[in-house]
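Q: Given chain A, work out where chain B should sit, using these hints.
Chains as they are written, first to last, in our numbering: chain A, 1 to 113; chain B, 1 to 117.
No lab work stands behind these hints, which were simulated from the structure alone.
Remember, predicted model here, so these are calculated numbers, not experimental data.
If you want a taste of the chain A side facing chain B, the calculated C-beta under 10 Å gives, among others:
(1) 4
(2) 51
(3) 99
(4) 101
(5) 105
Label-pair distances were calculated between CB atoms; the ranges are:
(6) 94(A) <-> 54(B): 17 to 23 Å
(7) 40(A) <-> 28(B): 27 to 33 Å
(8) 20(B) <-> 8(A): 29 to 35 Å
(9) 26(A) <-> 20(B): 31 to 37 Å
Derived pair list, reagent style SDA-like, types lysine to any residue, alpha-carbon separation capped at 25 Å:
(10) 19(B) <-> 79(B)
(11) 42(A) <-> 42(B)
(12) 41(B) <-> 59(B)
(13) 42(A) <-> 30(B)
(14) 42(A) <-> 2(B)
(15) 2(A) <-> 44(B)
(16) 2(A) <-> 107(B)
(17) 67(A) <-> 22(A)
We treat Cβ as the ideally placed atom computed from N, Cα and C, and that holds for glycine.
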Amino acid sequence: QKEVEQNSGPLSVPEGAIASLNCTYSDRGSQSFFWYRQYSGKSPELIMSIYSNGDKEDGRFTAQLNKASQYVSLLIRDSQPSDSATYLCAPLYSGAGSYQLTFGKGTKLSVIP
Amino acid sequence: ETGVTQTPRHLVMGMTNKKSLKCEQHLGHNAMYWYKQSAKKPLELMFVYNFKEQTENNSVPSRFSPECPNSSHLFLHLHTLQPEDSALYLCASSQDITANSGANVLTFGAGSRLTVL
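Bound-form chain A, shown alone:
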């Protein structure tokens, strides 16, 4: 069973704070991990990808990966109200000769002005 676990939230943080979003996954063979952001009524959009253990920074976003613990997280620094959205964790799982993204239910983030 290919599972992706995320706290559904809502996670509420004040404007300017750090938002921490967590994800665990079941497939030890996963090598690639993606974070998508989905605004209400919109489709998901890619915000970060990470392939190696450790941290990857892109502007206010930092993705963290620990393959031994099967754990991936997303930190959002200096959170803004425009960051309010649902964040989807998506490990790349292998199937029968192909690879597919498997999505968690998502964590709803609310940034309070």
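A: Showing chain B alone in chain A's frame:
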């Protein structure tokens, strides 16, 4: 047009109707997907096509029938749907499905909101 385009954006149909959802991608990708998104559920993969050949059917009921005439176009034909099929149907594309890398990154269309009465 750029990216992934889906039509119609909204569709209301009765249980005896036949309708189709259309998706077109302008990214030069080789793989196309249909996902279903219902409230409080994760995105559910329905179908995958790679180079217009179906590579995955995720146990989807036969009342949903996909069609992929070429790598740029994907259809989802709908027939005798049930009210529980009401959801957001998302089309996506990716460069590849065989590499364990960023080539599998999905670009989504805006979605088709389906309501079955």
